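Chains as they are written, first to last, in this note's numbering: chain A, 1 to 89; chain B, 90 to 199; chain C, 200 to 361.
Don't take every hint at face value.
Here chain C is said to cover these stretches of chain B; the calculated rule only asks that three of the stretch's residues, wherever they fall, bring their Cβ under 8 angstroms from a Cβ of chain C [what the hints assert, rightly or not]:
hint, stretch
1, 115–124
2, 131–142
3, 156–167
4, 171–185
With a straight-line Cα cutoff of 20 angstroms, these simulated EDC-like cross-link-like pairs (lysine to aspartate or glutamate) come out [unchecked claim]:
hint, chain 1, residue 1, chain 2, residue 2
5, C, Lys329, C, Glu301
6, A, Lys83, B, Asp121
7, A, Lys80, C, Asp323
8, C, Lys288, B, Asp121
9, C, Lys257, C, Asp224
10, C, Lys257, C, Glu358
11, A, Lys80, C, Asp342
12, A, Lys26, B, Glu95
13, C, Lys329, C, Asp342
14, A, Lys26, A, Glu62
15, C, Lys354, C, Asp343
16, C, Lys354, C, Asp271
17, C, Lys288, C, Asp323
18, A, Lys83, C, Asp271
19, A, Lys80, A, Asp29
20, C, Lys354, C, Glu339
21, C, Lys281, C, Asp337
22, C, Lys257, C, Glu299
23, C, Lys329, C, Glu299
24, C, Lys329, C, Glu339
25, C, Lys281, C, Glu339
26, C, Lys281, B, Asp121
27, C, Lys354, C, Glu299
28, A, Lys83, C, Asp326
No wet-lab data here; the hints were simulated from the structure. What you are looking at is a predicted structure, and each value in this text was computed from that prediction instead of being measured. All C-beta atoms, glycine included, are put in the ideal place defined by N, C-alpha and C.
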Amino acid sequence: MITIALYLTIGMVTLAAVLNVYRLIKGPDAPDRVLALDTLYINAIALIILLCITLGTRMYLESALLIAVMGFVGTVAMAKYLKRGSVIE
Amino acid sequence: MSQFAEYAICLLLLTGGAFTLIGAIGLARLPDFYTRLHGPTKATTVGVGAIMLSSVIYFSSRDGSIGISEILVTVFLFMTAPVSANILAKAAMHMGVRTVENTQGKPWDQ
Amino acid sequence: MFDRLSFPQPWLSLILFVIWQFLSDGVSGASVVLGLILAWSIPQMTQAFWPERPTFFKSWRMPAYLMRVIFDIVVASFQVAKLILSPRKPRPMFVAYPLELEQPLAITILASTISLTPGTVSVDVSDDNKILLVHALDAENGDDVIDAIRTRYEKPLLEMFE
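Bound conformation, chain A alone:
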């Protein structure tokens, strides 16, 4: 039963990622694209956890943590760049 639920969930998250990519391409403004990238990394974290459950190993959770940290820093840096024109003043 868990296997079926897992595959369904992986399908839904993948579809969500596709919709994010649609927003990433369509725009229309730069903040929209940054927001789409932000959502995309959160979806990537969800996919990594689902992969962990599917394979029955906890190994990949470290990478989920890394993506969470790096994604946040990236979003903040891009938003700061949009706002001020430079990341570090």
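Could you slot chains B and C onto chain A? The hints should help.
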């Protein structure tokens, strides 16, 4: 694995996937940037939270130990989601992103 | 010189130490030593970025507040989900929320709470920390939004930060 844990895991997985999908649908179909901001900051965060919780239950009922990394990732996401939403909204306000016509009130121009 | 050996923010140091133990797969001698070094050095390095020392607040009230926020997040996500899936157009609104809180930390917690609870996102704080600009996804009346935030989140925070 107990029957109860199995049901709980399935329920949480499907809820999480559904919320992630709904957040992305919101991102794709809501009319302007500020309304789109609502989808990912909530629905997606809740979705990932539910998926994390199912992973915690899965590994704890299998190995008998509680995974700390999942909880750390979830706490980190819940702490950073409002910050990134806020800073993105500020950037959008600075750039004067257009709002949908029926918006009441105005963003500031500082 | 004595100043250099102290812990300027004991709570931050404690949290850093505990998180390091979690991150490093089981408590061992090495992780304790490294955790202590990090707990000492990170507050020292970041001290220049803290504008003021965090004021004392009644931290024992925090769990009850967190429970309420988590409950609200779950309940309200269903509302936003319904709104996203329904064909009806949302009625977005910018609301200027007059703040009663004064400490920056309290305002940060309030703004994060507003952003996390679905239906509202905090957009900006005015330069004099008096007004918080909130964007509501679907609101008929700005006063309702203000009332809801005031009674549900700001009152408990005011009690906490007195």
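These are the hints, each one checked on the structure:
no. : hint                : result
1   : 115–124             : holds (count 7)
2   : 131–142             : holds (count 4)
3   : 156–167             : holds (count 4)
4   : 171–185             : holds (count 7)
5   : C/Lys329 x C/Glu301 : holds (8 angstroms)
6   : A/Lys83 x B/Asp121  : holds (19 angstroms)
7   : A/Lys80 x C/Asp323  : holds (14 angstroms)
8   : C/Lys288 x B/Asp121 : holds (12 angstroms)
9   : C/Lys257 x C/Asp224 : violated (32 angstroms)
10  : C/Lys257 x C/Glu358 : holds (8 angstroms)
11  : A/Lys80 x C/Asp342  : violated (32 angstroms)
12  : A/Lys26 x B/Glu95   : violated (40 angstroms)
13  : C/Lys329 x C/Asp342 : holds (17 angstroms)
14  : A/Lys26 x A/Glu62   : violated (32 angstroms)
15  : C/Lys354 x C/Asp343 : holds (16 angstroms)
16  : C/Lys354 x C/Asp271 : holds (16 angstroms)
17  : C/Lys288 x C/Asp323 : violated (25 angstroms)
18  : A/Lys83 x C/Asp271  : violated (32 angstroms)
19  : A/Lys80 x A/Asp29   : holds (15 angstroms)
20  : C/Lys354 x C/Glu339 : violated (23 angstroms)
21  : C/Lys281 x C/Asp337 : holds (12 angstroms)
22  : C/Lys257 x C/Glu299 : holds (18 angstroms)
23  : C/Lys329 x C/Glu299 : holds (8 angstroms)
24  : C/Lys329 x C/Glu339 : violated (24 angstroms)
25  : C/Lys281 x C/Glu339 : holds (17 angstroms)
26  : C/Lys281 x B/Asp121 : holds (18 angstroms)
27  : C/Lys354 x C/Glu299 : holds (9 angstroms)
28  : A/Lys83 x C/Asp326  : holds (16 angstroms)
When the structure is compared with the earlier hints, violations turn up for hints 9, 11, 12, 14, 17, 18, 20 and 24 and for no others.
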